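> Here is what each chain is made of, one letter per residue.
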Amino acid sequence: MTVLVLAVTVVAGAVFGATAPRLSRRLPPAAATWLMSAGGMLAAAASSTALALVGFRVVAQTRPLTSRGHWSDAVLNQDDPVSTPISVAALTVLAVALGAGLHAVLTGVRSTLAAYQLAAEVGGGELHVLDTAQASALAVPGRHGRIVVTSGLLRRLDAPQRRALLAHERAHLRHRHHLHQTATMIAVALNPLLRPLRAAVRLSCERWADEDAAAVSPRGTVAQALLRAAGAGAAAPAPVLAAAVDDVADRIAALELPAPRMQVGRAAVLVCVVVAAVAAVGYGMHRTEDVFELAQAAWRAGRR
Amino acid sequence: MVDGEPARRAAGDLESDVLAALWAADRPLTPGETVEAIGGGLAYTTVQTILVRLLGKGVLQRELVGRAFAYSPVLDQAGIVASRMRAVLDSGGDHEAVLSRFLGTLSDDEEHALVELMTRRGRDLS
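Protein chains in written order, with the working numbering: chain A, 1 to 304; chain B, 1 to 126.
No lab work stands behind these hints: they were computed from the structure. Among these hints, one or two may not hold up.
[Unchecked claim] Listed next, the in silico SDA-like pairs over lysine to any residue satisfying Cα-Cα at most 20 Å (straight line): (1) 57/B to 125/A; (2) 57/B to 144/A; (3) 57/B to 124/A.
Fair warning: this is a prediction, and the values are worked out from it, not measured in the lab.
Hey, can you work out the whole structure from these sequences and the hints?
Written as structure tokens, this is what we have:
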């Protein structure tokens, strides 16, 4: 039974990772971001818990625990058979996943603290301008978030486009996109099947900020600002995202259509996948508790 | 996060608009020119108040041009912050996730690819 539960969470994770990016592109980006970041965390928690349930069997059957726990092996193997190799494999995978997850948490904390520190050091008002020809704009989260823009970028934009740019960056800070991205990073570390969510959440956060900018500027203006920002670059040997081109094209295409409306069907599919994984684990935990109680009772009755 | 009551938040937004316009300009601007530079929409007196406030914060400097004051951004604020940013970005950790960029910086090839993509979709890149 616990092995079946694990299988469900693995399939759910794979399905979520494979379909969420595509399905969420049709959704309002705010909803898409929440669905993927929260859904990803739940899916990762579910798969990790399921691994623990399967892995617990071999742990429960080690001498120190059986002498303390007094469970009947026979009952355990009858009610919920879990072969030792599978249990050991689950434990190993769980150990690796938890290690990766912890690393992701620490990295996220370190980066966030660095950002908060930078925001505090930048000081002054909301906007800080770096005098350099390279075109760049960053939202730095902090107790008081800052927007750092280069003069190079500002000189490429006219007044409405500058307003759109600032509105976009403000949105990143207001909606705390760094938390969504960090949460997704942790989920992916715990469950690599969720890997596609990382790029998808990054894109949906950008589109979310674009939509906020489009609330105060015409959609065409926001698109133009994007295009102008992408225009003839100065010598900038900065690390480049290979996906950058696709992302920008996606964002501009989205701005050329009206704001996307909520599509309950697509959202419901994603929610159902996550609910299935969580429900399976909930059931698995409940049944495991029952099985161990039965095994305990059997031990007391003399059955080993 | 810019917090505070709505009124103060709006003022902070306006300051950013004015500051951005002054940086984008190629010369110091008078209050009247600043109103134009931000695309109108703000009263002359409001803009003048903002310019003076930014002057007080040390973010702007001003010079007499004819009989009016013309404002321009103070340039040396770049140095310290730029080096701090470099230090933060070099310190490891996953900055991609935490610092949201408006645009991932594109290489020449990627710019070319973007232009092609857009042209194929029949967009006018001007």
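> Hint by hint, work out which the structure violates, then give me just those numbers in ascending order.
Failing hints: none at all.
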